[in-house]
Structure formats: C-alpha cells, structure tokens
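Student: Chains S and C supply the protein sequences, listed in that same order.
Numbering follows the working numbering, in which position 152 of the first sequence is assigned residue number 152; successive positions increment by one, without gaps.
Just so we're on the same page, the working numbering is the position in the second sequence counted from 1, plus 544.
The set of hints was computed from the structure by calculation and includes no laboratory data.
From the three backbone atoms N, C-alpha and C, an ideal C-beta is built for every residue, glycine too.
Please note that a few of the clues may not be correct.
[To be verified] Below, a sample of chain S positions facing chain C; criterion: calculated Cβ distance under 7 angstroms:
id: 1; residue: Gln81
id: 2; residue: Gly135
id: 3; residue: Phe137
id: 4; residue: Ala164
id: 5; residue: Leu228
id: 6; residue: Ile232
id: 7; residue: Ser238
id: 8; residue: Glu424
id: 9; residue: Ser466
id: 10; residue: Phe518
id: 11; residue: Gln521
id: 12; residue: Gly532
Protein chains: 2
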Amino acid sequence: MHNKSSLQKKRLSYVPLVPEAVKALRKLKVVSKEKTEPPSDQAEIKKKFKKTYGQPIVAFEVGAETEKKTLKIGVVFSGGQAAGGHNVISGLFDAIKDFHEDGKLFGFLNGPIGIVENKYIEITKDKLYEYRNQGGFDLIGSGRTKIETEEQLKSSLDTATKLAIDGIVIIGGDDSNTNAAILAEYFLNHNCKTKVVGVPKTIDGDLRSSDIEMSFGFDTACKTYSELIGNICKDALSAKKYYHFIRLMGRSASHIALECAFKTQPNLTLIGEEIMHKNISLKEIVSMITELIIKRAEMGKNYGVILIPEGIIEFIGEVKTLIDELNVILASGSKHFDAINKSKDHMEVLAYLKQNLNIESFSCFEILPKDIQKQLLLDRDPHGNVQVSKIETEKLLLDMVKKELNERSFKGKFSAIAHFFGYEGRSALPTNFDANYCYNLGRLSALLINQGLTGYIACVKNLKESVEKWQYCGLPLTMLMNIEHRHGKQKPVIKKYLVDLKSHSFLEFSKLKNYWKFDDQYLLVGPIQFYGDKELTESCPFTL
Amino acid sequence: MHNKSSLQKKRLSYVPLVPEAVKALRKLKVVSKEKTEPPSDQAEIKKKFKKTYGQPIVAFEVGAETEKKTLKIGVVFSGGQAAGGHNVISGLFDAIKDFHEDGKLFGFLNGPIGIVENKYIEITKDKLYEYRNQGGFDLIGSGRTKIETEEQLKSSLDTATKLAIDGIVIIGGDDSNTNAAILAEYFLNHNCKTKVVGVPKTIDGDLRSSDIEMSFGFDTACKTYSELIGNICKDALSAKKYYHFIRLMGRSASHIALECAFKTQPNLTLIGEEIMHKNISLKEIVSMITELIIKRAEMGKNYGVILIPEGIIEFIGEVKTLIDELNVILASGSKHFDAINKSKDHMEVLAYLKQNLNIESFSCFEILPKDIQKQLLLDRDPHGNVQVSKIETEKLLLDMVKKELNERSFKGKFSAIAHFFGYEGRSALPTNFDANYCYNLGRLSALLINQGLTGYIACVKNLKESVEKWQYCGLPLTMLMNIEHRHGKQKPVIKKYLVDLKSHSFLEFSKLKNYWKFDDQYLLVGPIQFYGDKELTESCPFTL
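This is chain S alone, in the form it adopts within the complex:
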C-alpha cells in the first residue's frame, strides 16, 4: 500500500451511503419518462445525433429480481481533477460485482487517449481498495485529449470491440460529456454493442441543468476554498491592515465564487454573469472596489476581503472584445505578430497596437497594468490564443485600484495581498457529500449500461435531501446541447450552466451583499469535518 496519513487510512473504511430503494440493483427496472429534446437548435442537433436524439429520460422502480449478468465496463477520467473520482469507480466496481461476481472493470489510462490507444489496467478489488474515499485521479490518471477525429473515433471503436466491453463510463465535464455523446452515436452507427454513459464531473459547477443538480467535486472544492477564505477573513479582522484580493478557480461561470460567498460572507464578491448582464466595464468594477475601500476607511476599517472568479475577465464586455481582437491579430504567423515581436520596446508595441486595435479595445488595453499588457501579448497557447485562465485578475484589479486610490488622493492606508486558490481544492479528500454522491453516480452508471442505455448521463436527484431520498435517473446527453461556435465551426456541444440571475441563490446574494460590505459578517467555516455531528459532516452545497 502507498503511504497514507492517519486520515487517509481512516477514510478507507468509510462506507458510502446508498438509498434503500436502489440497493438491490438486480431488482431495478427502467421506467421511460417523457421524450426529450434540447431547448434550442433541435434540427441541427438531430442531424448530428440521428440515433441518440430525442431519447426519453429514464427512472427506476423496484421489480422482480433479474438474473445475474456478467458486465464488462471500461472507465476513464477526462479533464481536470475533482474530488470523488475514485468513488465513482468504487460504485461502478461494486455494482458490476452485484450484477455478477465475474464482471470486470477496466480503467483506461491517462484520459481518453487510453481509449484511443487501448491502454488500460484491470481494476481489481485489491487495487481499488486503497483508493476508496480518497482524493485525486491517480488510480488511472486523467488527460485532456478529446475523441473527435474520425481516426480517434475509429481507434476507440477498435478498443471497444477488442475488449468486448458492454460500456464505457466517461467521467468528465461539459466537453467530455459532449464527447461521450459523439462516441455513443458513433458506436451505434457502427453496430457496436458498447454503450457510452457520462458522469457529471467538474469543480466549476457549470455542468448542470434543471435535472443535473450538481457536478461532483464542487462541494469539496468550495468547502476547501471556504476554509481558507474564512481563515483569511478572520485574519483581516484581527490584523486590521490588509485587503485580500482572492481569485478562485472555476473557468467561466462564477458558481464557486457565489457558493464561497455564502459560506464566508466576505465584503465583496464579483459575479461574472451579473457583470455581463449589467454591462459593467472594467473601469466601473475598479471604481466600485475603490469606493468600497474609501467608505470602509471612513469607518476606520482599512481591511477587507474580495472574491474574484477566475473567469470574470471574459464577462467584462470590452475586455472580452479586446481578447478576441488580440487572438486574431496575434495569431501565430500573422504579420502583426511579427511586427510586435520586432518592436524594440513596450512603447513601440503600444504605438503599433494603437494603430491596429479598435479604438475601444485600445483604450481598454491602455489602462491595464504593464505586467498584464505583457502577459496578454506574450503568454499565449499553441494556437496563439490569450491564456485567459493564467491572467492574474486579482493582481490586475489590485494594481488598478491602487492607482485609482492615488488619483483620488486617498489619504488612508491601503495594503493588499493577492491570492489564488485552485489546485488546493481539486484533489482533496472528498467530503461525505461528494463521497456518497460519487459512489451513487458510479452505481447508476453500471445500471444504465446494464439496461442497454447509451448516450446518457448519470443523474442523481434530490441531493438537498438526506441520501435516503436520493433518486436515480438517466438523461439523454442530447437534451443538454446547443449549437456553439468553436474553432471556426458551428458545433453541437453541451451548454455551460452559468449563474442564473433569477435563481433563489442569486437573489438572496443580491439582498445580503450590501450588509456584508461594511458590517463585517465574516464566517470562519473551518476545515471539512469527516466525523462528528451530522450538521458538520453531511451538509450539501448552499447554492444547490
């Protein structure tokens, strides 16, 4: 066994909870509910998914016990880490063994590339044991390859045929589940018996719908970040001399920031979706923060805590336009790219951009701190695109606020510290919520495959209630799709779930945020508790 801390060892013996009604898997029979279709772009999506389009939502009810059935299933992690992944595998493994002790589970290695290249391990009871209720994806690794090209699809088909597997479970985010849908359709078109089922994974919380109440990993990530934010709030209140600008991981949507805001009640939390909806400019955001600082200083408070979602930059209209323009003019090989690279100093670069960017974009660029300007120009991905997730938005805002305070001749004290929390929360030991949720998602995936369903995503409902009341169902992946412009093409993809400005959570936040601004209502939530009172160990996300 690998090295383990006391808590890791202790967690090995945690037994995830399963609702009584779905305990006997062989007694569950599928119930087809209403037929489905996506909310928009139905015709185009139907064209791409002729076989899997319009399938019904399915639920389960208890019936007579069916015969034992030997299942062979492959499983893969796709994309970034999220706490609970190993529990999806545990649930899947235990379910396969419930269907028949001879059933087998294969783990594809290092992400979807493992399917394409047919690289896998067999996951046995002994091998799995030490990963139960543990963080990380290290049992089989993960990766970001997508199965998209005809060649990749063909290789995946070969793998499925060679292994003669009944199903593949793809544990991933929105893009990975789009991939699962494509693979399901492709397999059907090639008369392959292998079913494809997705599992909603992402700490970002943006793979949700009216039916998918939550993606796994979100709860653990938010609780981990909130522990740190709470500690920092308490430190700010005690030291009384620092502003903390905290950027939080969560690529586009602001779900993590919103959840952490409820948990810790900092002075200000920016929500990207609100900024976009109200068309708030970067300058206005900076002014808003500056005014908060000035007003708090008048109250004798030279400290505070501000949460900034990682993806906020793309919700600020003029910054989004600027990035889009830079992506075009700086595309590798373009004449602009060469011209800028040849400039002898930053002044010359600025002069060049002034001539080549739209006037609004240039004035947006011009007010950015020099470091950020350079980052936008130099730190680009292999396609020449600005790497938005690498932009240190917390430092950008901090620098701009400092400048505006100077311009307004602010006489008070302003000392600020920038933080970024991300990797700390992806591979943590899963909370009891995520441990239970994932285990049930894994069991449900086996059940869906056993029922011959393909192009579905596992969906456990009623998550706000105690586990006993959780319900299993399956959603056709096509009902979650819409058409989006990606890399120059119109593609059907699963629609990202953004913060809904009409949701109860957001309305509640809008009401409370003004109290949090000046009265320090900080909550110190402390570390995740695995043992002790239900209240401490069994809570679900607030924004669920």
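On the provided structure of chain S, position chain C as indicated by the hints.
Tutor: Same frame as chain S, now just chain C:
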C-alpha cells in the same frame, strides 16, 4: 453574538483539557529550581536587567489550599496572529476567577499601544464566551508597536498604576517577550507592583529553547499548510504535468517547512539553516532543483512539489551580503538612492550598481530575474530596507530554474505553478493541541503573577505526552537572551531558535529526503479533524 459557522458554534463548547495535578490553582505552591543565566553575554545582559537577571526557573507542587485572592490582570496581543490566542485569554480569565470571583481581566486594545495609551476593555464572561476555542485575535486586536522609549515605558507605568493591576500578560513572539522583560525590569525599578509575564506565541516556531518546547499557533499553521500541500501533491500526481513551487510563511527559521515536509513528504524541501551551514549559493540551489527536474523527467515524471521557507533568502550567503549592501547604499536620502531614482532605464541602474556594489554582490544581483531586481530596488520599508518577506522567492527560483533548463537544452516538459501560504494558517480555528496548550498557558500566566513572579515566560512542558502529563513552569526571560546588533546598537534580545542541524528531526529528514525526491511518497493529510479518533484529533507537531 457575531455570525458563526456550524463548526465555530460547535467549538464554543469544547472544554480544553487541564492536567489533574494543576487543576486546583489555589493549592499550587511555587518551587524554586536552579538559578539561571543566559548562555552568552552574561555581563552585558546583567547590566541591563539588574533586578530580573539570574532568577530561578520555577515549578509547582500541590500544597495546602491558600486563601482566595482578588487578581486584576491586563492582557495584550503583540505582533502577528497565531491560532489559540483567545484560549490564552480564556485560561487566564478562568484562572483569575478560580483565585477569586471578584478578580478582573482587562484586555489592552490593538497591541502594546493599548498599554501605552491606556485603551482597554474589561473582558467579562459574556464577552469572552463567543471567542472560546476560536481563531484570530479579534476580541482585543493586536499590533506591532514596541514599548521601548522612556516615554512609552513611562506611559505604560502610568497605565499599570492607574488600573492598579497585579500583572500584565504579553502574548507575543521573541521581540515582544524581550519587551516584556524590559517592562518587568522598568516596573521593578519604579517600585511598581505590576508583574509582567510573557506567553510564547508565533506560528514560526522560532521562540523556543531547551525548555520552551513549542510556541503556540505553530501546530495549527503547519496542519493548515500541510492540508493544502498534501492536496497539491495529490493533484500533481494525478495531473502529472505541473511542478508546484510553494513558499511557506515563517520569517527566518525553516521550522514550518521542516514540519510540513514530514507531514506531506514532497520531493524537495529547502532548509535555510542547512543552506547557510553548508554555504550553498543561489546558483547551486537552482542547479539542485534543475537536476531534480531533469532526473525526474528521465523517469517520465514531469511533475513535483518543492517547499521553500519564506526566510530562505537570508540564509544564502551572497544574497544576504547583497541585501545588506543594498540596505546601506539605498538608505533613503543617500546619494546612491537619488542617482538610482534618476536613472532613465534599468540598464543605467545596472551600470550604476556595477560601480557601487562589491563584485560578488553585483554578480549575485545580475543573475536575478528582472522583476526581483526591481523589487529589491523599489519595494522598501520606511527605513529604506529591503522587505525580505515580500520577496517572492518561489517565483525567483522558478524563473531561474526555467532559465537553467533552457541553458541545459532540457527537452522535457516543464510547467510550474507558484504558491504562497501564510495568512491562511494564522487565524484558523486552533487545533485541539493549540486549544489545550493555550488554555494551560493562560492559566499558568495567572499562577505566575499570583506568585509575585515578574520577568518570566509561561512554559508548559512534556507537550509530546498526553495533556495529563503536561507540567507547568516559569522561566526567567533573561535566560533566553543574547546580545545582537539591532538598528546600529548592541541590544539584549531573546535569541531566535533556528532549526538545529543536529536535532533528531533534522537528521531523520536528511535520511528520508532522498527517498522523497524520486519515489513519490506524498501524504495527503487532509483537513484538521476536531472530532473523531484520538489519532486524528490529538496529535502534536512532529518536530516537537
């Protein structure tokens, strides 16, 4: 009551453990042990501390119950936050009430300035209740003022006299406890009956001695940082594509890094004291890291975790010399300072420094990344000194390693992420260890004052054992002192406790570190557990 999370509320009712032998405070009588003196500079220290020099260590034994005595005590937090501060106050308060229900506790506000300006609140049972076992110092705040000038000392004497207090408890680090010694001596010299007692507080772990086994806050800070480091190790192992360079708070000494290394077993942990002892240069450190990366790449591992103590920069001989030189030539108002400020660009600054720094210092400066060069020149404290704690050493090393990998034509992948953990761990909910330790330190402080002792520091021994075996004693502050050069003067100050390269912990680390380099022996310690098995909730620091 202020807003509280579920865990905060739950912690309010935790009852800190007290050894049976010291439960009945009024039955404890003082036992004088051996007379003491500091290990060096005895004559000079004696000259400054005529009255409090050479006092004996004291212990306690159970005797006949003494009469009730009404104590009036003032308490103050001095310096940075450390988890458990409110429990020192709780222990102190409960002890005062044990001596007589009419006893009173005053809390001086916002640090030692509260003593100087006689600003305080009375700490009552009701007020204290909601701070029991909580993080932060927010009940009375803290501050960094020192009581040093004759005027400050005189004002403090006035406060003590006006309030007619029996004692002042100063909760602080090495400098604050030096201050406590000065105040004790001053009060005696002016026939003031107020006793002064210190309590060893600092997350850095550098206020220790052969008798003071641990400063409070260290355990909570290290457990909090280790949770995050462990999560990051697991993430590195799962994602397999990032190096994480993690800088850890802890001003000079590398105690925190060493403790976290044992807890999480990352690939490399730099220890400042070892670097100084072996006279390892910055270039050599960079080469060491570079070689680790190259060797791991050969094993197919393009990921890893490296811990860097905040204070490391001052342990690297040539960097220390460079900083000392810069502090002199850049002292505000100096001709150099003006010349550099007038330089028209960085090239001109470099040319100027080349002429004015020693050749070794300039070659050290020259190899630093440009950002760090600028930081050294521009980011200075009010005295014109380089702000060492603000130097982003993790980024410095990351940049230099990246450069060296390029120079060595490294063909593998190197992608790295920089982190700094500090404020996250200072104001967390105190672990059970810190909650118990602090409560006993508080009780002991009252006991020392009640016995008429002054110029002492509270010392609880046997901390490795269960609380039942902990022992109370008092150490004369002067025995911890030596003479150091501070701001141009020779001053008696409490000697910082650095990592002892002959200690069992360090020798053990030296043995294990080679296994950790290439075999990934990461431990994911997870969050602090307040409830559950003793093993999870009652551990003390590993390096104790």
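Student: Would you mind marking each hint as holding or not holding in the structure?
Tutor: Here is what the structure says about each hint:
Look at Gln81(S): its Cβ gets to within about 5 angstroms of chain C, closer than 7 angstroms, so that hint holds up. Annotation: interface hint on Gly135(S) holds; nearest CB of chain C at approximately 5 angstroms, less than 7 angstroms. About 4 angstroms separates the beta-carbon of Phe137(S) from the nearest beta-carbon of chain C, less than 7 angstroms, and the hint is met. Hint on Ala164(S) is violated. Least Cβ distance to chain C is approximately 29 angstroms, over the 7 angstroms limit.
Interface restraint check for Leu228(S): the shortest CB-CB distance to chain C comes to about 5 angstroms, inside 7 angstroms, so the restraint holds. Because the smallest distance between the Cβ of Ile232(S) and any Cβ of chain C comes to about 5 angstroms, under 7 angstroms, the interface hint for this residue holds. The beta carbon of Ser238(S) is positioned within 7 angstroms of a beta carbon in chain C (closest approach about 4 angstroms), and the interface hint is therefore held. At about 5 angstroms, the closest approach between the beta carbon of Glu424(S) and any beta carbon in chain C falls short of 7 angstroms, and the interface hint on this residue holds.
Hint status for Ser466(S) relative to chain C: violated, with the closest Cβ pair at about 17 angstroms, above 7 angstroms. A cut of 7 angstroms between beta carbons decides the hint on Phe518(S): the least distance to chain C is about 14 angstroms, and the hint is violated. With its C-beta approaching chain C no nearer than about 5 angstroms, Gln521(S) sits inside the 7 angstroms limit, and its interface hint holds. The interface hint given for Gly532(S) is met, as the beta carbon of that residue sits about 3 angstroms from the closest beta carbon of chain C, less than 7 angstroms.
Against the hints set out earlier in the document, violations occur for numbers 4, 9 and 10.
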